[in-house]
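Number of protein chains: 2
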Amino acid sequence: MNAHAIETAPSEPRIADDALLTPAQLEARLRAIGAERYHDKHPFHALLHSGRLNRGQVQAWALNRFEYQRCIPLKDAALLARIEDPDLRRIWRQRIVDHDGERAGDGGIARWLHLTDALGLDRDLVESGRGLLPATRFAVQAYIHFVRERSLLEAIASSLTELFAPNIIGQRVAGMLAHYDFVSKPALAYFDSRLHQAPQDAHFALDYVKQHARSREQQDAVCAALRFKCEVLWSMLDALYLAYVGNAPGEDRIDMIPPGAFRPDPEPGA
Amino acid sequence: MNAHAIETAPSEPRIADDALLTPAQLEARLRAIGAERYHDKHPFHALLHSGRLNRGQVQAWALNRFEYQRCIPLKDAALLARIEDPDLRRIWRQRIVDHDGERAGDGGIARWLHLTDALGLDRDLVESGRGLLPATRFAVQAYIHFVRERSLLEAIASSLTELFAPNIIGQRVAGMLAHYDFVSKPALAYFDSRLHQAPQDAHFALDYVKQHARSREQQDAVCAALRFKCEVLWSMLDALYLAYVGNAPGEDRIDMIPPGAFRPDPEPGA
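Keeping their order, the protein sequence lines are chains E and L. Under the UniProt record's numbering, residues 1 to 270 are what the first sequence spells out, in order. Under the UniProt record's numbering, residues 1 to 270 are what the second sequence spells out, in order.
Keep in mind that the hints were calculated from the coordinates and are not lab data. A portion of the hints provided could be inaccurate.
As the list claims (entries may be wrong) - Okay, derived cross-link-like pairs now, EDC-like style, lysine to aspartate or glutamate, Cα gap no bigger than 16 Å in a straight line:
(1) K210(L) / D220(L)
(2) K41(E) / D255(L)
(3) K41(L) / D255(E)
(4) K41(E) / D181(E)
(5) K185(L) / D117(L)
(6) K210(E) / E27(E)
As the list claims (entries may be wrong) - Some chain L residues close to chain E (C-beta under 10 Å, calculated; not the full set):
(7) E36
(8) P43
(9) R65
(10) A78
(11) R93
(12) F138
(13) A139
(14) V232
(15) W234
(16) A239
(17) D255
(18) P258
Just so it is clear, CB atoms sit at the ideal spot from N, CA and C, and this is done for glycine as well.
Please put together the full structure from these sequences, using the hints given.
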């Protein structure tokens, strides 16, 4: 059996294709999508968390992931610009505050730059976007365009990957601190903040879609939006894996770093 | 020296960063970008043309490339919708005719379906978009959004990869016919038509950008648009390479086909 074919948990009773799901059934479907497709299942993350990447590979990850961090407030602003309800706008705008902070040097983007600093990446390089994998850009732009172009319900549903974030963040912080001498606790401050913010955001969005997806068609669109967002995150790791890990480390490796993308310095002693 | 750092041919005299290029200098820059970054340089193409792919891998290529073919008329329609000049619209609309044909079963999209038919892919699968690599979708959508959102000059410049197409098409047709018993001449009819259409289209677009890029800033934007488009094509092959080839064919291969993407049938005897 193809492990990738599972879209609902095996224990879940069969539901007719056009039957309205209960809110609890919708939530179960969303959680099953995460269990199968969230990027904590990607081989790159296993390597990152278990200390099997070298400094250049961790740099490539942090550099490319910065593009995602940089664009999250743009994504949330695009979403905010489509919300008619002031109550909902007041709640959603907090996400922009969380990422941009109250002042320069504050917020999630600034905290991500502490990580890239700690990894020895030049800030000019990081902030310029030079050296990004094109696939990173395309995935992040796909997310922004999705939020601009799809229904508000789908746009909100695409944020639901946050439901699965606390688990991966816990693994990441523990694993990176244990395994990499070039990573310290202050460098990982970004993740501490997200451990509080992500669950709040995710539970709000989950309640929203459970309440507002009132037809089966809308419920299916919510599930598709979460699958789409999982694809965004997954394809970013695919591109990192191809360019910076490869299937055969060692002498047989083909150089698959795309033209113009970041090239780590040679490892000392390599 | 890093081969990817070359952006101008080494023989080209150094030109000041803000000096207006002559039309011939602009053309030389564009051709140097293609010489470095067009996807004929990607390892996947060497494998495809030299017969080192199996049928499932060629299927995966044709299936994912269909998404690009399917969206080209959408891209050209988005571009057409931004052209104020009826003369230019009359010329550009021919591209839509070339891809959509005069009647059902005619045109470039229909000819690509002859190829996927010949490879044994189910038409419903191909036309549905199921099984596409997410990175394929993101790259193709990035192209459509680029044409919608950038200046008309940049949108037209992004089509300039056609300048380099005849060379790759010649290699592809000869190589695929020589090496794959599951590929026949009629299955490759798409490429015969493109051998005539691509040079006409490319020369028109090249003349257009040489005439209309009147500041160095515009000339740089034209070059950036071509680099962007090379990245679109390159990242599609990166994703195919990771999912369906990998760096280490054989027992050490990790399964990198993303969740939900096309899985070839096992090779007979494999």
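Query raised in the report: Which hints from the list above does the structure break, by number from lowest to highest?
Result: 4, 9, 10, 11
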